[in-house]
Amino acid sequence: MIRNRSELAISRRALVRAAGALGASALCGAGFWSAPASAAGARDPRLVVVILRGAVDGLSAIPPVGDPDYAALHGDLAFAASGERAALPLDGFFAAHPSLVAFRRMYDQKHAAVVHAVATGYRDRSHFDGQDVLESGNPKPGRTESGWLNRTLGALPASASRRALGVGATAPLIIRGPAPALGWAPPGGVGPANSDLTERVLDLYAHRDPPLGQQLSAALAAEKVASESSSGDPARKPHYGGAVEQMRLAAEGAARLLAAPDGPRIAALAFDGFDTHQNEGAAQGVLAQRLQGLDAAFDAFETDLGDAWADTVVVAITEFGRTVRVNGTHGTDHGTATAALLAGGALAGGRVIADWPSLKAERLYEGRDLYPTADLRGVLKGLLADQFGLSSKTLSEVIFPDSAGVAPMKALVA
Amino acid sequence: MTIGPDLAGAVTAFNRFGFGARPGDLAAAAGDPRGFLLEELWTANVALIRDRPPPSGPAALQAYYLDQQRKRAERMSMAMAPPKAPPPVVPSMAPLGPAPPEGASMTPMAAGQSGAPREAAPESPKPQPQVEQALFRAEAVARLQKQLQARLGLVERLVAFWSNHFAVSVAKSAELRAAAGPFEREAIRPNVLGKFAALLRAAESHPAMILYLDNQNSVGPNAPPGLFAGKGLNENLAREILELHTLGVGSGYTQADVTEFARILTGWSVAGPESEAGAIGSFLFKPNWHEPGQRTLLGKTYAEAGAEQGRAALDDLARHRATAGHIATKLVRHFVADDPPADLVDALAVKFRDSDGDLAVVVSALVADDRAWRAKPTKIRSPLEFVVGAARATDYVPSDPGLYLQALNLLGMPLWRPAGPNGFSDLSDAWSSPEGMKSRLDLAWFMGQRMHAPADPLAAMKAVLGDTASGETSEAITRAESREQALALLFMAPEFQRR
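Sequence lines, in order, name chains Z and D.
Final position of the first sequence in my numbering is 416; the numbers increase by one with none missing.
Final position of the second sequence in my numbering is 625; the numbers increase by one with none missing.
Rather than coming from a laboratory, the hints here were simulated on the basis of the structure.
Each hint should be verified, as a subset may be incorrect.
Label-pair distances were calculated between CB atoms; the ranges are [unchecked claim]:
#1 Z:409 to D:597: 37 to 45 Å
#2 Z:142 to D:525: 26 to 34 Å
#3 D:581 to Z:262: 42 to 50 Å
#4 Z:144 to D:205: 57 to 65 Å
#5 D:575 to Z:262: 55 to 63 Å
#6 D:195 to Z:112: 31 to 39 Å
Where is the CB? At the ideal position from N, CA and C, for every residue including glycine.
Working from the sequences, and respecting the hints, build out all of it.
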């Protein structure tokens with residue numbers, strides 16, 4: 003069964019890009035990047051990847067309330083299409099977790115979509131190997147010298163704004179690598195060092211430790227942009243407490259950097275806390291709170307990107323899913339397929355894309371997990387092709403090595 | 127071996143293997159840096175905190191549970207009686223001292239919340255420190271003082287290494303916040319220079335680990351609560367023992383091994399606040415919850431033996447060839463290089479196997495090996511090493527853990543709060559990110575003003591870097607506009623940041 007898949011509808015923009023590509027260098031795409039961007043009012047695409055660490059329970063985030071086996075298998079964690087345990091309806095078959103209020107609104111505006119029953123090529127159940135595969139873009143764990151977003155950057159023509167942004171005190175693997183990346187984190191309780199000390203340290207590093215100097219310079223540049231206040235009205239921003247507020251703040255700062263005319267166009271954030279082995283909860287609880295933070299982040303991106311939202315895709319991905327059945331401690335253990343959440347004004351949204359495997363006993367992966375019917379790399383390749391016009395050769399050899407057999411998902415971007 | 131004082135060797139000893147030199151330390155070690163290291167290893171009880179230790183694990187959990195009961199009772203009496211609240215009683219926490227809110231918030235990016243109002247009980251005009259938070263801070267200050275007062279700090283580095291190897295997180299629950307410090311003192315410290323098998327047993331059976339990895343409610347499907355109350359297995363502890371604590375990922379175990387090991391470990395639990403068996407807050411084996419029968423793990427059959435079945439399996443895992451390689455790799459990566467030299471790893475793995483996992487023998491072999499000394503100082507100090515190293519450089523021994531906790535938060539390495547059970551990264555890239563370096567700079571500035579700035583900054587530099595400092599670093603420190611700035615420059619110098 004194929005649900006809601008737009009049948010190979012090739013968008014006008016994709017055609018424009020394809021035409022540009024024909025007229026430019028076939029090797030790396032230099033030229034066709036700048037050709038459409040130089041035209042007045044041309045789009046300036048942005049991509050944000052939100053890594054959800056710990057393995058998200060896709061059957062609770064985007065519950066398949068129409069699947070006849072779902073309620074029994076997912077037990078006290080399951081949602082329903084209506085009634086006391088209702089989730090937010092999407093297309094009748096799938097619903098959204100009650101925490102995903104902004105996401106559902108975007109879905110209704112056709113600015114959000116879901117790809118379900120999706121997984122990377124990794125089939126074991128280690129978080130750390132799973133995250134390495136998710137972030138490195140390699141088919142197997144073990145190679146972690148660079149992340150696929152960093153290599154994406156390397157495949158784009160060089161310019162001042164062709165830098166990636168990593169949010170948080172430490173850079174996630176997805177953004178690490180040879181291409182220049184900058185970092186930003188919400189400001190600390192210890193005040194900023196004064197400029198005189200900063201200059202002296204930079205000077206010392208220039209002579210004695212250039213690598214450390216480059217890192218420090220990149221952070222200083224990012225901080226300058228992020229500290230410039232948002233044009234939005236602070237009063238209309240909803241208030242969240244604690245962890246949820248931290249997630250919103252991270253997204254807000256990243257959005258301001260991305261919105262700047264010469265700012266980065268590619269960013270990565272990581273949120274942790276999705277490893278819900280115990281007392282996962284349904285409408286309330288651990289998962290509900292983490293998803294509320296994710297929802298707040300989506301909302302902040304929409305608000306603070308301003309006009310740039312129309313050219314943006316935000317994709318939230320996780321290393322794998324969780325067991326279909328509830329374990330002995332009201333949670334779920336490590337599984338396989340899950341859901342990927344996409345939002346952004348550039349999306350052809352308002353749909354859940356799934357070749358749904360069903361939850362019948364004989365269709366479960368190894369008798370316990372949601373069966374993967376879509377390769378996450380196909381989703382990401384589709385986004386990179388639509389947003390940045392990367393060739394299928396680059397996508398299959400450089401960005402996601404050895405993935406020629408995984409076709410880019412088409413027409414994700416409007 | 128050396129003729130005359132080996133000042134450069136002493137710098138390596140302190141920075142690579144220890145927590146950094148205090149004023150005067152280098153000269154003491156320069157005669158025989160390796161001997162100086164080995165001497166610390168063989169000092170009796172060197173890893174233990176014996177001077178007024180904080181409460182034990184069970185005592186800490188009991189204090190937390192008692193506090194919860196008191197709060198429940200208060201809420202009930204407030205709901206029934208007119209608003210005349212009884213004075214709150216904090217159970218026997220007096221020796222823990224004051225707990226100012228600075229540095230107290232431990233959310234991942236808590237630093238961004240500085241100055242923001244902390245959540246407090248809405249009615250209480252003067253918020254009492256939470257019991258678990260007071261315990262946590264007492265543990266933090268005991269740990270910090272131990273690190274600052276160590277002669278060199280090799281053993282304290284080992285404590286931190288093993289604490290991170292067997293990671294637990296205070297973000298899991300209030301119980302973990304109370305029990306994380308006792309875990310390090312009770313499971314890690316007594317065993318860092320003993321047999322790995324003993325360390326493994328102590329770590330996996332400590333209440334903090336059982337609660338962190340959810341084993342307290344894991345029930346055998348054929349045990350009575352599994353059969354009749356619909357309870358079941360939780361694989362979390364079993365999986366992380368195999369993947370992180372012993373064999374290492376990709377070493378050949380299967381999903382079937384994980385599930386089988388989870389069955390073996392059913393019944394390994396903690397005596398909760400209502401428990402009638404065992405001392406509240408301590409390890410408790412619940413025979414009734416244990417999956418009955420013999421089990422097969424990694425091809426070996428374990429007869430039904432209650433809790434002993436799990437101990438036997440742990441002992442075999444401790445002696446497994448893959449475990450020796452896994453531990454040797456992690457040790458070399460931690461102390462020597464992000465990309466650990468294979469020959470040195472192999473040599474340590476052999477030592478590990480030949481000594482039946484005697485960790486003092488393994489670490490002595492590492493410290494005695496030329497290859498561990500010859501490697502270039504490419505690793506950047508972890509946030510913990512940086513913060514403690516800076517405090518040692520100025521002989522700064524605070525009685526309050528606020529700055530320590532705040533600094534570790536800011537640098538992305540909050541105390542006992544890694545993002546997952548794999549602990550914090552041991553790779554330089556994880557810490558030398560742009561934001562990481564900017565945070566170090568801000569902190570260096572802050573510490574430069576906060577700590578006692580030395581009268582002669584150049585002498586202070588020589589006291590911790592010997593003659594390894596470059597001309598440019600000496601010049602920058604000499605030309606600083608103030609002593610405070612000179613100290614911040616010392617903290618940010620490449621020779622101070624790298625080891």
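Consistency of the hints with the structure:
1. At about 59 Å, the CB distance of residue 409 (chain Z) to residue 597 (chain D) disagrees with the hint of 37 to 45 Å.
2. Roughly 51 Å separates the CB atoms of residue 142 (chain Z) and residue 525 (chain D), a value that falls outside the hinted 26 to 34 Å.
3. A beta carbon spacing of about 46 Å between residue 581 (chain D) and residue 262 (chain Z) agrees with the range 42 to 50 Å that was offered as a hint.
4. The given range of 57 to 65 Å is respected by residue 144 (chain Z) and residue 205 (chain D), whose C-beta atoms sit roughly 58 Å from each other.
5. For residue 575 (chain D) paired with residue 262 (chain Z), a C-beta distance near 32 Å fails the hint of 55 to 63 Å.
6. The given range of 31 to 39 Å is broken by residue 195 (chain D) and residue 112 (chain Z), whose C-beta atoms sit roughly 53 Å from each other.
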